[in-house]
Amino acid sequence: DAKTTQPPSMDCAEGRAANLPCNHSTISGNEYVYWYRQIHSQGPQYIIHGLKNNETNEMASLIITEDRKSSTLILPHATLRDTAVYYCIVRVARAQGGSEKLVFGKGMKLTVNP
Amino acid sequence: GAGVSQSPRYKVAKRGQDVALRCDPISGHVSLFWYQQALGQGPEFLTYFQNEAQLDKSGLPSDRFFAERPEGSVSTLKIQRTQQEDSAVYLCASSPGTEKNEQYFGPGTRLTVT
Numbered sequence: 008d009a010k011t012t013q014p015p016s017m018d019c020a021e022g023r024a025a026n027l028p029c030n031h032s033t034i035s036g037n038e039y040v041y042w043y044r045q046i047h048s049q050g051p052q053y054i055i056h057g058l059k060n061n062e063t064n065e066m067a068s069l070i071i072t073e074d075r076k077s078s079t080l081i082l083p084h085a086t087l088r089d090t091a092v093y094y095c096i097v098r099v100a101r102a103q104g105g106s107e108k109l110v111f112g113k114g115m116k117l118t119v120n121p
Numbered sequence: 008g009a010g011v012s013q014s015p016r017y018k019v020a021k022r023g024q025d026v027a028l029r030c031d032p033i034s035g036h037v038s039l040f041w042y043q044q045a046l047g048q049g050p051e052f053l054t055y056f057q058n059e060a061q062l063d064k065s066g067l068p069s070d071r072f073f074a075e076r077p078e079g080s081v082s083t084l085k086i087q088r089t090q091q092e093d094s095a096v097y098l099c100a101s102s103p104g105t106e107k108n109e110q111y112f113g114p115g116t117r118l119t120v121t
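Chains V and Z, in that order, are what the protein sequence lines are.
Positions 8 to 121 (the working numbering) are the ones given, in order, by the first sequence.
Positions 8 to 121 (the working numbering) are the ones given, in order, by the second sequence.
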């Protein structure tokens, strides 16, 4: 799986949008971008994933650049409960022989301040 | 509905003891994963089951680590002759096995080897 690069930490004010960047310059054409987060003392939680189109769900939006070398996870109205470590992961789709496992890096610590 | 549960939540073992960690996945989920998370690091893959078949055990760090899922539901991770370097949080995740590959994580078992 391709490697991703995230800044180690970021702060955000409560109620504002949090834009979390991720670089994946060596991503292959058949690799998806996944985002998970891990709140302190809990297991990781799936947020969203995408291939090349922008995606939105009830938790967040995922913006992938046209060249797919980077992406941004957007939390539109950050709350204190969004304070967590966020992981950006790339992996090949199952249908194309991708491994089921997730390869986590160190992630990025987002702190939402009141 | 019930999520992934793990027991015990905390385990203290003396060096050299054997331990068994249990995972109850979400009912009906065909895929089950074990990850190890050291302090300050992202989770690292240990092993993966599809139903009762262990399809990937490439992440198990030594032959002291053994995992099973005999009936395709509950899984046990066993560590024999524990060492201090085995101290970590052990996370279990399950997935319905769809293309989305959304993995649902349990709260983890924190193992401390003294």
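Just so you know, these hints were derived from the structure itself, not from any lab.
One thing to keep in mind: the hints can contain errors.
Stated by the list, open to error - To give an idea of the interface, some chain V residues facing chain Z are shown, with a C-beta separation under 10 Å as derived from the structure:
hint, residue
1, P51
2, A100
3, G114
Bear in mind the structure is a predicted one, so any value in this text is a computation, not a measurement.
Where a beta carbon is used, it is the ideal one built from N, C-alpha and C, also for glycine.
Here is what the structure says about each hint:
{"no.": "1", "hint": "P51", "result": "5 Å, holds"}
{"no.": "2", "hint": "A100", "result": "6 Å, holds"}
{"no.": "3", "hint": "G114", "result": "6 Å, holds"}
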